[in-house]
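2 protein chains.
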Amino acid sequence: MKLASYKSTRRDGELRVVSRDLSRCRAVPKIADTLQQALDDWDSCQSALEQVYAELNAGTGANEPFVQSACHSPLPRAYQWADGSAYLNHVELVRRARGAEVPESFYHDPLMYQGGSDRFIGPQDAIVANPEYGIDFEAEVAVITGDVQLGASVAECGASIRLLMLVNDVSLRGLIPNELAKGFGFFQSKPASAFSPVAITPDELGSHWRDFKVHLPLEVQLNEQPFGCPNAGQDMTFNFAELVAHIAKTRELGAGSIVGSGTVSNKQGNLHGSSIANGGVGYCCLAELRMYETIETGQAQTPFMQHGDQVGIAMHCDGADLFGQIHNRVTAL
Amino acid sequence: MKLASYKSTRRDGELRVVSRDLSRCRAVPKIADTLQQALDDWDSCQSALEQVYAELNAGTGANEPFVQSACHSPLPRAYQWADGSAYLNHVELVRRARGAEVPESFYHDPLMYQGGSDRFIGPQDAIVANPEYGIDFEAEVAVITGDVQLGASVAECGASIRLLMLVNDVSLRGLIPNELAKGFGFFQSKPASAFSPVAITPDELGSHWRDFKVHLPLEVQLNEQPFGCPNAGQDMTFNFAELVAHIAKTRELGAGSIVGSGTVSNKQGNLHGSSIANGGVGYCCLAELRMYETIETGQAQTPFMQHGDQVGIAMHCDGADLFGQIHNRVTAL
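Residue numbers (the working numbering), protein chains in the order written: chain A, 1 to 333; chain B, 1 to 333.
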């Protein structure tokens, strides 16, 4: 099943069920006005939503063209956005670039930060920020959970996963060093994130959803040129069930909690071989390319995003667009 | 005006307008079902809510007894809970206890972390946690904001403050050192917080609300014995308008964002003189007493909370209870 939220005068948008091929959609006010409402009452909404989805795919019943540019993020605001850092290759590069070791504990205790969730931007909205802060994208996968009990097992956490999305976790790199030095983690360095137009149930991925990972390439474009295509199922040290369990260790999770994977990153050789042009899988953020440059040439050369730069994030399976397209262009503040 | 949310089968509870003396209340489904609804549409709800409040205070119109134990936190879940650390005396003690200096930047750049907000506990609910994690309370003041624009000025941020509450920011002290060492800030060490039964508009404080600070003692009891009564208006390095502006520097805030002060803490002399029994103003968390013990005797002696221990948090003005009572008792997991 595929679900989206059209922008509207309501803060939570208007729920739409979307056909598998992203061509048609239907509002379902008799089932739920918003995605959060559906998640709050998932057990009683799910089968009715699935029924509409089946009709849309069969071309029966009321429907209208689906317009990705009309979408807000599937949850325009959420009660939780917790972002892991499950691809340790990214962390290893960060550390190598500054000559530090990765602590052994990082391989069994996930890194995770609590992000702001009161106002996301839409999948095709502008990133409004000051380029002096070092604007970067981070292409990720995220899940939306149902309710999770305190101390839930990894299996229970896996079973709580309702939906999957793609994410652009916008980061202000220039603000990160001072902020982390203060000891309280990211805050001003993480402005509003954007999510894919469509959230999908895990069964949409078929055999590509296994071990609570998405085994497909995550496609990133910078100014319409290929920039990254690492496989999101590869080199993911902690799967989504384990990331949710990390949260549940000391607290319950409420339905509609969003949990992110962190920047997708595959282990590669060196700078020369890692770019897509040279046969590598490229990068899901500018910082990673800059780290290769730093490690191999002593200095980062690729600039962060400037006014007018655009990042695209998408995922396909057998040629079909799964989540719709994230396109965020920088508007310099 | 005073507002509360009764527990109900709905996740957001049921909004109640409460009389100034906390004796009577009224449900207002024709104005708003929930506090978040009222905050989402504050400009059109406020005067109708104020009218009900005036009737309750005059003893006219429908009303029922107000029962604090029936309350959830005013926002049982919220889209944002960002907690500052505005009382630098607390930070200075933390640092002194481990022989470190407070960086000069801390006096002009607020410390703040993003907390989980998908499920708070109620003002008189149990703290369910493992005592081996070092369970502590932190008594604080918090504001709830309306919408705030990106880059809003301190004055604009001050004008966005809609409501005030008290907070028990539950902390798991034993998990903090490892978590901060990882570099991403608090996460598992900050389980669900509890808020006072009632949220109040700033005008309820009269002249005690000035400079965007609450100039009244915050009263803390441990197992029904006085433990702290520092003045929340004293030694607050960053006021609430400045804390909100810290967030707005790189992003908008959505209506219903909760912003906390951090543990209230007044500068005092030494361990002996700082306890209430010895004429001091005491402490708003166990950690602070333990830091005095560490600094002066080389070792912390007061234990963290055990099964059955209870913390109480309240604030009075001229004998009148302003926010109702937080009473959280530990249930060992």
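Mixed in with the good hints, there may be bad ones.
One copy or two, it doesn't matter: identical chains are merged, so the pair holds either way.
[Said to hold, decoys possible] Simulated crosslink set (BS3-like; lysine-lysine; CA at most 30 Å straight-line):
#, residue 1, residue 2
1, K7, K249
2, K30, K182
3, K30, K7
4, K30, K249
5, K7, K267
6, K182, K249
7, K7, K182
8, K30, K267
Just so you know, these hints were derived from the structure itself, not from any lab.
Just so you know, these numbers come straight off a predicted model, no measurement behind them.
These are the hints, each one checked on the structure:
no., hint, result
1, K7 with K249, "between (35 Å within a copy, 25 Å between copies)"
2, K30 with K182, "neither (49 Å within a copy, 47 Å between copies)"
3, K30 with K7, "both (19 Å within a copy, 26 Å between copies)"
4, K30 with K249, "neither (37 Å within a copy, 40 Å between copies)"
5, K7 with K267, "neither (38 Å within a copy, 50 Å between copies)"
6, K182 with K249, "both (25 Å within a copy, 17 Å between copies)"
7, K7 with K182, "neither (37 Å within a copy, 38 Å between copies)"
8, K30 with K267, "neither (48 Å within a copy, 58 Å between copies)"
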